[in-house]
Amino acid sequence: MNDKQTSGSPSAWVPCSARLAVAVLMLALSGAGGNAQTAPASSAINQPGNQMKQFIFIFRQGKRLLSPEEQKQRAGEVRAWALAQIKEGRKLDPRILGGECCHVTPDGGSTPTPPISDGSVIAITFLEARDFSEAVAIAKTHPGPRYGVAVEVREWSLPQPPAIPNPPKQ
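Using this note's numbering, you'd call the opening residue of the sequence shown number 3 and step up by one each time.
Quick caveat, the hints were computed from the structure, so don't treat them as lab data.
Every residue gets a Cβ at the ideal spot worked out from N, C-alpha and C, and that includes glycine.
A couple of the hints might just be wrong.
Said to hold, decoys possible - List time: in silico BS3-like cross-link candidates among lysine-lysine, alpha-carbon distance up to 30 Å:
(1) 142 / 65
(2) 89 / 171
(3) 55 / 142
(4) 74 / 89
(5) 171 / 142
(6) 74 / 142
(7) 89 / 55
(8) 93 / 142
(9) 93 / 74
What the hints assert, rightly or not - Quick list of the computed label-pair ranges, beta carbon to beta carbon:
(10) 156 / 108: 39 to 45 Å
(11) 99 / 171: 49 to 55 Å
(12) 65 / 167: 31 to 37 Å
(13) 75 / 106: 35 to 41 Å
(14) 136 / 113: 36 to 42 Å
Please work from the sequences and hints to get the whole structure.
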């Protein structure tokens with residue numbers, strides 16, 4: 003079976019199975035619904051004294067192509083994983099990256115690139131955890147790696163505004 007489209011559109015660069023996998027992942031993660039943004043008030047994680055930090059999971063496409071059955075199974079597992087995290091009181095904010103991709107070069111040029119290939123970032127999820135070790139432990143429970151997707155864990159922080167120097171005294 004030919005896995006690529008033949009049209010000239012940017013989405014033609016993406017194997018159909020990869021686009022389908024991303025769509026299934028998006029549906030599975032979005033299946034957690036509006037509850038993904040708000041943790042239950044009774045959660046032990048968000049009790050006073052439990053300072054939470056923000057982390058990001060960066061999902062990278064692997065070489066493995068999944069059958070439709072595997073894609074369906076993965077979607078169910080990802081959805082169950084997301085719901086379990088929400089039940090534990092963790093806030094999840096999943097994002098799926100769009101299909102069109104372009105690299106802007108240092109000389110000001112740009113090059114359209116295949117948006118999904120081995121190692122490409124395909125999705126990100128923001129979540130809260132007490133510390134880096136807990137975030138890594140949570141990432142290890144995600145079903146993605148069993149399906150050939152790598153999960154990178156990083157602490158997330160907002161950019162700090164530049165310091166404003168004290169005005170000279172007059």
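Right, here's what the structure says about each hint:
1. A C-alpha spacing of about 19 Å is found between residue 142 and residue 65, which places the hinted pair at or below 30 Å, so the restraint holds.
2. Annotation: proposed proximity of residue 89 to residue 171 is violated, straight-line Cα distance about 55 Å (limit 30 Å).
3. About 18 Å separates the Cα atoms of residue 55 and residue 142, which keeps this hinted pair within 30 Å; it holds.
4. For a cut-off of 30 Å, the pair hint linking residue 74 to residue 89 stands: about 23 Å separates their Cα positions.
5. A hinted pair counts as satisfied when its Cα atoms are at most 30 Å apart, and residue 171 with residue 142 does not qualify at roughly 55 Å.
6. Distance check on the hinted pair: residue 74 and residue 142 sit about 21 Å apart at the alpha-carbon level, within 30 Å; holds.
7. For the suggested pair residue 89 and residue 55, the alpha carbons sit about 18 Å apart, so the restraint of at most 30 Å is met.
8. Using a Cα cut-off of 30 Å, the hinted pair residue 93 and residue 142 holds, with the two alpha carbons roughly 17 Å apart.
9. Restraint check: the Cα-Cα separation between residue 93 and residue 74 comes to about 25 Å, which is no more than 30 Å; the hinted pair holds.
10. Separated by about 24 Å at the C-beta atoms, residue 156 and residue 108 break the suggested range of 39 to 45 Å.
11. Separation of residue 99 from residue 171 is about 50 Å and conforms to the stated range, judged on CB atoms against 49 to 55 Å.
12. At about 51 Å, the CB distance of residue 65 to residue 167 disagrees with the hint of 31 to 37 Å.
13. About 38 Å separates the C-beta atoms of residue 75 and residue 106, a value consistent with the hinted range of 35 to 41 Å.
14. Separation of residue 136 from residue 113 is about 39 Å and conforms to the stated range, judged on CB atoms against 36 to 42 Å.
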